[in-house]
Amino acid sequence: MGKILTIALWELKKIFGNWKKALAVFLLPAALMMAALNLFPMLIDYLTTGSFGGHKILLIDAPDSFNSYIDSIDGTTVYKFSNITSKEYSKYSDDEIKSLLKKGTILVDFNVDFKPGDFDKEVSAFYGGLASGDLDTSSDAIVFIGYDQENPGMEPKAEQFTETIMDPYEDYLLENLGGDYASQGAQLFSVNAFNPVNKILDYRSVANASASRVIPGIMVLLMYYCTYALASDMFALEKERGFYNKLILTPVSRKNIFLGKLFAINAIVTISALITFFMMFISSWLNHSNDAMSLLPFGMFLTPGQLLIVIFETVPCAFLMGSIAINIIFDSNKLQDTITFLQFPLVLFLFEFFIHMFRYTRPLWLEYVVPLHNTLQIFRDVFSSEEGFVSVIIVAAVNIYIGFIILRKTLRKELSR
Amino acid sequence: MIKVTDIHKSYNKDTETVKGVSFEVKEGTVFGLLGPNGAGKTTLMQIIATLLKPSSGTLEICGLSATSEKDILEIHKKIGFLTTEVKLDPLSTPNKLYDFFAKLYDIPDEEIETRKKTSFDRFGIGPFADKKIVELSTGMKQKVSIAISLIHEPPVVIFDEPTNGLDILTSKQVSDYLLELKQKGRAIILSTHIFSVAESLCDDIAVLIDGRIAAQGSVKELMTQTNTNSFEDAFFKLYVDNHKE
Chain A
1 MGKILTIALW ELKKIFGNWK KALAVFLLPA ALMMAALNLF PMLIDYLTTG SFGGHKILLI
61 DAPDSFNSYI DSIDGTTVYK FSNITSKEYS KYSDDEIKSL LKKGTILVDF NVDFKPGDFD
121 KEVSAFYGGL ASGDLDTSSD AIVFIGYDQE NPGMEPKAEQ FTETIMDPYE DYLLENLGGD
181 YASQGAQLFS VNAFNPVNKI LDYRSVANAS ASRVIPGIMV LLMYYCTYAL ASDMFALEKE
241 RGFYNKLILT PVSRKNIFLG KLFAINAIVT ISALITFFMM FISSWLNHSN DAMSLLPFGM
301 FLTPGQLLIV IFETVPCAFL MGSIAINIIF DSNKLQDTIT FLQFPLVLFL FEFFIHMFRY
361 TRPLWLEYVV PLHNTLQIFR DVFSSEEGFV SVIIVAAVNI YIGFIILRKT LRKELSR
Chain B
1 MIKVTDIHKS YNKDTETVKG VSFEVKEGTV FGLLGPNGAG KTTLMQIIAT LLKPSSGTLE
61 ICGLSATSEK DILEIHKKIG FLTTEVKLDP LSTPNKLYDF FAKLYDIPDE EIETRKKTSF
121 DRFGIGPFAD KKIVELSTGM KQKVSIAISL IHEPPVVIFD EPTNGLDILT SKQVSDYLLE
181 LKQKGRAIIL STHIFSVAES LCDDIAVLID GRIAAQGSVK ELMTQTNTNS FEDAFFKLYV
241 DNHKE
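Each protein sequence line maps, in turn, to chains A and B.
Take the first sequence: its position 324, counting from 1, is numbered 324 in this note's numbering, and each next residue is one higher.
Take the second sequence: its position 58, counting from 1, is numbered 58 in this note's numbering, and each next residue is one higher.
Treat the hints as calculated values from the structure; they're not laboratory data.
It should be emphasised that the depicted structure is a prediction, and the values quoted were computed from it without experimental measurement.
It is possible that part of the hints are untrue.
As the list claims (entries may be wrong) - Restricting the straight-line Cα-Cα distance to at most 27 Å, the calculated cross-link-like pairs of lysine-lysine (DSS-like) are: (1) B:Lys87 / B:Lys117; (2) A:Lys3 / B:Lys132; (3) A:Lys13 / B:Lys103; (4) A:Lys14 / B:Lys244.
Said to hold, decoys possible - According to the in silico footprint, chain A covers these stretches of chain B (three or more CB under 8 Å from chain A): (5) 48-60; (6) 71-79; (7) 100-106.
Backbone N, C-alpha and C fix where the C-beta goes; we use that ideal spot for every residue, glycine too.
Isolated chain A (complex conformation) (with noise of 0.2 Å):
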């Protein structure tokens, strides 16, 4: 054990004395990440409108109600309003309209039953109606909200917008319009409105299930790529040095030599994947413009035994991974070879993480026992709330028994040489 840990902070050492090296193993890969997952929605809006987001809002007739709303809530939202007249927009062709659409903007339109009129007029009566005890009134004050519906990224865009923007205006509208019904107390009954914890919550469960789809995906990515770039410098490096020979020729077995540094390969790549984790934490909530496309909402969180859960299986999968780089490694002759061989998980760990991004259902019992697979599908579970015991034990175990099966098939080989 005494020579299993002098190999260990060897190798520790060694990455930690130079911080070039730690810094692109602990932090260039989740700050690359981080930056990815924000360039996405950036992304996506440049594929699909051909401009970079921006979240043009162009107002039909909007009312003065509207306007000073808008002032109210001016720098807390990213939405860019500009304001026409129905009269205005008439003027507009059809494919000029259309091409609005296909650029990303969102028309809202205020009118009285479907036609140009005083929005604010119609729903002060409306209040107006329902304070004199009127239950039969009604309102023809209609917002209506256009979007290209041949773009999908418009219809989570303008869900949003009705949610952040318009479902607040309707509580402006009642203070502000609702007279002698809104001191009535009306707003009182509005539970959420004033609970942070529910609010909390309601943030939460948008985006762990976001987060679900996406960070597991790019923890087992990430933690692969850590081990390769370890496992590289490590064993295949050192072979080519010639300095694994000397390491080999000192009275420590290289069961123990393989031990050492795989339990620094270990080390490194869980500390890595909890850095990884952390900074997706960060960026969830720094995530203020919560944009529809965002990967990460606003709010993504985790409770104590679910974080746990995560660390716990980090261990084996990171073992496993170590293991799988040591026997390409050690299964090819030259250097060149051996970086290719090991980029294929990688591709493979790219595929997965993009083929989990646009699942929608839950994973079949089978898939808790395909190793490293499996841990992609147990974090997927933490993330939605569905973990359960059984599960987190069998994923585990699998890829603890696997990687020692993988382990002594290399040593073995390697000691027939």
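Since the structure of chain A is provided, determine the placement of chain B on it from the hints.
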């Protein structure tokens, strides 16, 4: 001290790199392996150093069988292997490397500093002890390699082309050090293709051609066997007589 008996090594069915090599090396002697490139010197040296397993044959070092798994770690305590192919971790320092290997060889903490000082003083490594390996000259790197390879003061020393790529001064220092080790009673196996090194250092020389020992003996004996007047001529005659296209 070292007994090599009928060693064969083949990497595949068609190619046999080492073909039935046998010899013995006694303590306090230097045994030289001389041969052209591709003769199988490095493979044979790696087999003797236990880095490779022979396809057949036996190898005994200090009475321990190198083909037995349980003796291997014990053998590692008794051999020091040096090859120019080894490149030390470029970002490490001689000090750190020495300490690391000292721990792997179970050298007591209180003894590490004394051994390090003696060894570093012997090779003039002291002023460079805290410099990164990448900043050292080729000669200095080789000296650090020697210091680390012999950190555990082994009775058997295996040096594969130790003076390759070194300047005259450093080569001389390495040769002198080998003579010093010989006087201390170490059994030394040295592979080289430099005639002067073989002539000046080796008590016994095996000329390896195409994986076989073409001739073995002292420099004088080899010249007598081949009816030549110089060691170089003896080698070339052996090569012409034994090399198959």
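Identify every previously stated hint that the structure contradicts and give their numbers, smallest first.
4
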